Amino acid sequence: MRRTYDIDGKDFSVAGAASSDFKVLLKKLGIPGDVIRRVSIAMYEAEINTVIHGGGGKCEAEIADNRIVISFIDQGPGIPDIDAAMQEGFSTASEQIREMGFGAGMGLPNIKKYTDDFQIQTVVGKGTTVTLCINL
Amino acid sequence: MKYFHSVTLNKDNCHGCTNCIKHCPTEAIRVRNGKAKIIKERCIDCGECIRVCPYHAKLAVTDSLEMLKGFRYNIAMPAPSLYGQFKRNTDVNRILTAIKRLGFDDVYEVARGAEMVTAATRKMMAEKADLPKPLISSACPAVVRLIKVRYPNLIGNIVNLLAPMEVAAYEARRLAREKTGLSDAEIGVFFITPCPAKMTSIKSSLSMEKSQVSGAIAVKDIYGDLVRIMKNMDEPEPLATASSLGVLWGKNGGETDGIERPDCIAVDGIKNVINILNEIEDEKLTEIEFAELCACPGGCVGGALNVTNSFVCGSRLENLPTNATTVSAPSDEMLLAMQWQKEIEYEPIMKLADDLNEAMQKMEQIDRLYADMPKLDCGSCGAPSCRALAEDVVLGFGKENDCIFKMREQIQQIATKLMDLDR
Numbered sequence: 001m002r003r004t005y006d007i008d009g010k011d012f013s014v015a016g017a018a019s020s021d022f023k024v025l026l027k028k029l030g031i032p033g034d035v036i037r038r039v040s041i042a043m044y045e046a047e048i049n050t051v052i053h054g055g056g057g058k059c060e061a062e063i064a065d066n067r068i069v070i071s072f073i074d075q076g077p078g079i080p081d082i083d084a085a086m087q088e089g090f091s092t093a094s095e096q097i098r099e100m101g102f103g104a105g106m107g108l109p110n111i112k113k114y115t116d117d118f119q120i121q122t123v124v125g126k127g128t129t130v131t132l133c134i135n136l
Numbered sequence: 137m138k139y140f141h142s143v144t145l146n147k148d149n150c151h152g153c154t155n156c157i158k159h160c161p162t163e164a165i166r167v168r169n170g171k172a173k174i175i176k177e178r179c180i181d182c183g184e185c186i187r188v189c190p191y192h193a194k195l196a197v198t199d200s201l202e203m204l205k206g207f208r209y210n211i212a213m214p215a216p217s218l219y220g221q222f223k224r225n226t227d228v229n230r231i232l233t234a235i236k237r238l239g240f241d242d243v244y245e246v247a248r249g250a251e252m253v254t255a256a257t258r259k260m261m262a263e264k265a266d267l268p269k270p271l272i273s274s275a276c277p278a279v280v281r282l283i284k285v286r287y288p289n290l291i292g293n294i295v296n297l298l299a300p301m302e303v304a305a306y307e308a309r310r311l312a313r314e315k316t317g318l319s320d321a322e323i324g325v326f327f328i329t330p331c332p333a334k335m336t337s338i339k340s341s342l343s344m345e346k347s348q349v350s351g352a353i354a355v356k357d358i359y360g361d362l363v364r365i366m367k368n369m370d371e372p373e374p375l376a377t378a379s380s381l382g383v384l385w386g387k388n389g390g391e392t393d394g395i396e397r398p399d400c401i402a403v404d405g406i407k408n409v410i411n412i413l414n415e416i417e418d419e420k421l422t423e424i425e426f427a428e429l430c431a432c433p434g435g436c437v438g439g440a441l442n443v444t445n446s447f448v449c450g451s452r453l454e455n456l457p458t459n460a461t462t463v464s465a466p467s468d469e470m471l472l473a474m475q476w477q478k479e480i481e482y483e484p485i486m487k488l489a490d491d492l493n494e495a496m497q498k499m500e501q502i503d504r505l506y507a508d509m510p511k512l513d514c515g516s517c518g519a520p521s522c523r524a525l526a527e528d529v530v531l532g533f534g535k536e537n538d539c540i541f542k543m544r545e546q547i548q549q550i551a552t553k554l555m556d557l558d559r
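Those protein sequence lines, which keep their order, are chains A and B. Following the numbering used here from start to finish, the first sequence increments by one per residue and tops out at 136. Following the numbering used here from start to finish, the second sequence increments by one per residue and tops out at 559.
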């Protein structure tokens, strides 16, 4: 089954709403606690990235028999250097964003840590699609 | 007893309005045939419905003083928040003496149990590495129950120490056995309770095989008698020994103040507690070491069975003159006795089905039904929201026509058909 969410790129007060809603869905489906935990953390990080860096976008989440696949699609600036972005502590977030408590450079490393598969497709100037997969 | 609940319904007073269903944090209430109905698997006995019901149709089952007759020696254990129920600067000795005169042989302050829990928590935080962050206080039974049914990943964060009430009961019993030579079965230990959740935790404990407490007496049931007795009291007995450290547990923030560490938060009110638990679950709060979470607004002072306004009560506790010279410290034997006797198990109440595919099919049906609903969340159907009604329909607990807007649509359709027939 699928869920799609619009991710607002301006309103930080609703950032994380998609992950919260999806977490409730997983609990109702009786998904094991440790899987819910990994999905929520990874999904939240990716959602925040979509807000901060992507300027908003869309989230498509699908639950199949054996895995959960979640994509965040934005039309933002793209990631020029993926290797650098994957390093812990690396962040291109603005001072203003950091003041809000984001931009610690742990987003992508954390997503990798909590998922079974994780892919980034990015084109500078066009946008980024981040896809996370967690096995059931 | 699998599902003992202190919170119950007085059918005669229930108007079948939507106040309780809209406020229940676990969506445990439905209105059926004009009366509220509590779904026992979901209720955590927080008392929110008691607080919001304008017709006093929700009540808490607690024990009466009659129960004292079943024991040869009775001890009263007042909750710290009781001390703030009376006029400012009331001597605690007067309050405790008045309680004793209700028919008890002795009084043991739960605030002293709280002092021991504080000491044990401090010790644990100082000595143990790798504690989960944040630790969550085990003091509020409604919060512990909420975690049990909704936050499987957070059960391991709960401090695995008994709540002050049980610690106090253990010590009170030990002292009474020494003093009287009686057996445990002959000694009655009664908690003077500000909330229904404590009553539930006595009748069906989550962390003990059996509670040490014999019963719970609601503050509101004895308040009038206490005021009367205090009014005519000459010299009170010197019974008060608890320090402000223990007494302030009655107010949200008191427990964390006692821990004396910088990275603590104190959260009150069930909605705020749910918000913070969601954040803890997503590991957003690992900078916090300890979280004191109270279901009631203001902490225990806001308990549904208290009499005085919670803000007034909290202020009185802060300014209470205490007679304490020392703070109770737990012995090694006590430190062992304070440990949980069993692990708390996750009991999912939100799950649609045991099998994932079946659950997904049900969720798809729910999504389809919900898409077609008015989304006003008016509660007229008896469920707290349109989404909850959609779930009820799919799970077999409700009908689509319980929605008055759906019903109206159908009547209009039938009316149109009748008109067509007439032509």
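Hints were generated in silico from the structure; no laboratory data involved. Heads up, some of the hints might be wrong.
Stated by the list, open to error - Which residues of chain A face chain B? A few of them, derived with a C-beta cut under 8 Å, are:
hint: 1; residue: Gly30
hint: 2; residue: Gly33
hint: 3; residue: Val35
hint: 4; residue: Arg38
hint: 5; residue: Ile41
hint: 6; residue: Tyr44
Unchecked claim - Beyond 12 Å from chain B on every Cβ pair, some chain A residues (computed):
hint: 7; residue: Gly16
hint: 8; residue: Leu25
hint: 9; residue: Lys58
hint: 10; residue: Asn66
hint: 11; residue: Gly76
hint: 12; residue: Phe90
hint: 13; residue: Ile120
All values derive from a computational prediction rather than experimental measurement. For every residue, glycine included, the Cβ atom is placed at its ideal position computed from N, Cα and C.
Quick rundown of the hints versus the structure:
1. Interface hint status for Gly30 (chain A): upheld, as the beta-carbon distance to the closest one in chain B is roughly 4 Å, under 8 Å.
2. Interface hint at Gly33 (chain A): satisfied, since its Cβ lies 4 Å from the closest Cβ of chain B, which is below the 8 Å cut-off.
3. Taking 8 Å as the C-beta cut-off, the interface hint given for Val35 (chain A) is violated, the closest approach to chain B being about 10 Å.
4. The beta carbon of Arg38 (chain A) comes no nearer than 10 Å to any beta carbon in chain B, farther than 8 Å, and the hint placing it at the interface is violated.
5. For Ile41 (chain A), the interface hint holds, since its Cβ comes within 8 Å of a Cβ in chain B; the closest pair sits about 6 Å apart.
6. Using the Cβ-Cβ criterion of 8 Å, the hint placing Tyr44 (chain A) at the interface with chain B is satisfied: the shortest such distance is roughly 6 Å.
7. The claim that Gly16 (chain A) lies off the interface is violated: its Cβ sits roughly 8 Å from the closest Cβ of chain B, which falls inside the 12 Å cut-off.
8. Separation of Leu25 (chain A) from chain B is inadequate, the least Cβ-Cβ distance of about 7 Å not exceeding the 12 Å criterion.
9. With a least beta-carbon separation of about 18 Å from chain B, Lys58 (chain A) lies farther than 12 Å from that chain, consistent with its non-interface assignment.
10. For Asn66 (chain A), the shortest C-beta to C-beta distance to chain B comes to about 10 Å, within the 12 Å cut-off, and the non-interface label is violated.
11. Chain B leaves Gly76 (chain A) outside its interface by the beta-carbon criterion, the shortest separation being 23 Å against a cut-off of 12 Å.
12. Taking the minimum C-beta to C-beta distance to chain B, about 21 Å, the non-interface status of Phe90 (chain A) holds against the 12 Å cut.
13. Residue placement check: Ile120 (chain A) keeps its beta carbon more than 12 Å from all beta carbons of chain B (closest about 22 Å).
Hints 3, 4, 7, 8 and 10 from the earlier list are contradicted by this structure; the remaining hints agree with it.
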